[in-house]
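My request is simple: use the sequences and hints to build the entire structure.
Heads up: the sequence shown is residues -23 to -1, 1 to 170, going by mature numbering (1 follows the signal peptide of the UniProt record, and there is no 0).
One or more hints might be untrue.
Ranges of calculated distance between the beta carbons of each label pair, as one might list FRET restraints [claimed, not checked]:
#1 Gln94 <-> Val155: 42 to 48 Å
#2 Asn96 <-> Glu76: 37 to 43 Å
#3 Ser27 <-> Glu66: 21 to 27 Å
#4 Leu145 <-> Glu98: 51 to 57 Å
Just so you know, these hints were derived from the structure itself, not from any lab. Heads up, the beta-carbon is just placed ideally off N, CA and C, and yes, glycines get one too.
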Amino acid sequence: MFFKRLSLAVFLLLPLFVFPLTAGAHSHFQSSTPGENEEVNEPVTEIQVSFDGGIGTADMTITNTDTDEEAAIESIDVDNTSMTAILQEPLSNGAYTVEWQNIGDDGHSLDGSFSFQVNAEEETTPEDESIAEENAANENEVKQDRDHEASGPGEDETNTAGTSVLWLSIIIAGLFIVALVIFTVLRKRKSSK
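Written out as structure tokens, the structure is:
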């Protein structure tokens, strides 16, 4: 009778210990540079998004909402709790929306967006206009490449991100099995005496 009650108690209390560990580990959006609805009066060459927890992989899309064109991103650097998009060239004046996605160290996906306005002094020359046309053509190629890459996280990324949750589950299940075996052995010894 004691064994049944103990097993029931362990079974009912186990989720209370498992779920807070996995749910409490999520990364949350903390801040961005430029900030939400900020008006920037100088050239923007990078955009940073910070979180209160570790992140593993990240992606970002920067769209000029006036022209519906995506800004060309040279690279996205992930540094533990932040991601920084390095732009191929400074953003032109206009309104922008940044959409970001990441997979936290805990394996959970997180996404969000924010907007800001660029109102910097610009100098344009005929050379700049021809370069802008070339860059627009390159942006289309980059967008197609990014759309292809963004179709989903790779198998390695998914496996790496979920490793900590998997190990935690295995350890807890192992402890439960060990406790169950110990109680079964003790019960058999007690009943054989």
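Consistency of the hints with the structure:
Take Gln94 and Val155: their Cβ atoms lie about 60 Å apart, and the range 42 to 48 Å is violated. Asn96 and Glu76 have their C-beta atoms about 22 Å apart, which leaves the hinted 37 to 43 Å range violated. In this structure, Ser27 and Glu66 meet the distance hint of 21 to 27 Å, their C-beta atoms being roughly 24 Å apart. Taking the beta carbon of each, Leu145 and Glu98 are about 53 Å apart, inside 51 to 57 Å as hinted.
In summary, the structure is inconsistent with hints 1 and 2 from the numbered list given earlier, while agreeing with the others.
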